[in-house]
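One line per chain: the protein sequences are G and B, in this order.
All residue numbers for the first sequence refer to the numbering used here, where the first residue is 341 and numbers rise by one.
All residue numbers for the second sequence refer to the numbering used here, where the first residue is 95 and numbers rise by one.
One or more hints might be untrue.
Among the chain G residues that face chain B by a calculated CB cut under 8 Å, a handful are [stated by the list, open to error]:
# : residue
1 : Gly-382
2 : Tyr-404
3 : Asn-439
4 : Thr-440
5 : Phe-443
6 : Ala-445
7 : Gly-446
It is worth saying that the hints were derived from the structure and are not from the lab.
Even glycine gets a Cβ: it sits at the ideal position worked out from N, Cα and C.
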Amino acid sequence: EAAVTQSPRNKVTVTGGNVTLSCRQTNSHNYMYWYRQDTGHGLRLIHYSYGAGNLQIGDVPDGYKATRTTQEDFFLLLELASPSQTSLYFCASREFSQNTLYFGAGTRLSVL
Amino acid sequence: QQKVQQSPESLIVPEGGMASLNCTSSDRNVDYFWWYRQHSGKSPKMLMSIFSNGEKEEGRFTVHLNKASLHTSLHIRDSQPSDSALYLCAARGNTGNYKYVFGAGTRLKVIA
Numbered sequence: 341e342a343a344v345t346q347s348p349r350n351k352v353t354v355t356g357g358n359v360t361l362s363c364r365q366t367n368s369h370n371y372m373y374w375y376r377q378d379t380g381h382g383l384r385l386i387h388y389s390y391g392a393g394n395l396q397i398g399d400v401p402d403g404y405k406a407t408r409t410t411q412e413d414f415f416l417l418l419e420l421a422s423p424s425q426t427s428l429y430f431c432a433s434r435e436f437s438q439n440t441l442y443f444g445a446g447t448r449l450s451v452l
Numbered sequence: 095q096q097k098v099q100q101s102p103e104s105l106i107v108p109e110g111g112m113a114s115l116n117c118t119s120s121d122r123n124v125d126y127f128w129w130y131r132q133h134s135g136k137s138p139k140m141l142m143s144i145f146s147n148g149e150k151e152e153g154r155f156t157v158h159l160n161k162a163s164l165h166t167s168l169h170i171r172d173s174q175p176s177d178s179a180l181y182l183c184a185a186r187g188n189t190g191n192y193k194y195v196f197g198a199g200t201r202l203k204v205i206a
């Protein structure tokens, strides 16, 4: 099974703080995704990418930047964190020719 | 509003009973559907996929798809306490770069 590693697993920051969430996949998958999960909303797509240097806008991108530096690494950046960004964040990846998303273990972010 | 709507929000079934979960896309630009299962404190994992009209069975799990109405359903027979989880429906957009959009989920509890 595909390995997707997220770090940190937990993060607490203050309003206005700067946060970077990291995601690495070791299966050379083309696509990588960032979702946030909140009760009552399921998984909402923030940004995604189909390769190094590529970035696609998801459904809830406001307040988030993302960067895909290599095939393996996808970062989510919150430059001015707000309490509304308190959430559980999942990274996922998939191979171009396959349709299954493989998820990391998640990062729980609290913005105080 | 979610473009992928799931019902019911929560469901309680007795052990050995049948659980039926529903999912509809209000976005007509989707083609494929998946069901993911997320146990408490874990990340989502793909349970079943369906791409063609009709029915697909895998063990105790059966999925149906009606592409004309963009409706899929998941049925779990002989439900077990280990089936207690959040069930997420996902749909893939068939334009652009194939966004994967999730519904809010159905929380299933199987009681012994």
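So, going through the hints one by one against the coordinates:
Against a cut-off of 8 Å between C-beta atoms, the interface hint on G/Gly-382 holds, since the closest Cβ of chain B lies about 4 Å away. Look at G/Tyr-404: its Cβ only gets to about 16 Å from chain B, farther than 8 Å, so that hint breaks. The interface hint given for G/Asn-439 is met, as the beta carbon of that residue sits about 6 Å from the closest beta carbon of chain B, less than 8 Å. Restraint check, G/Thr-440 versus chain B: the minimum CB separation of about 5 Å is within 8 Å; hint holds.
Proximity of G/Phe-443 to chain B holds as hinted, the smallest CB-CB distance being about 4 Å (cut-off 8 Å). For G/Ala-445, the interface hint holds, since its Cβ comes within 8 Å of a Cβ in chain B; the closest pair sits about 6 Å apart. Because the beta carbon of G/Gly-446 sits about 6 Å from the nearest beta carbon in chain B, less than 8 Å, this interface hint is met.
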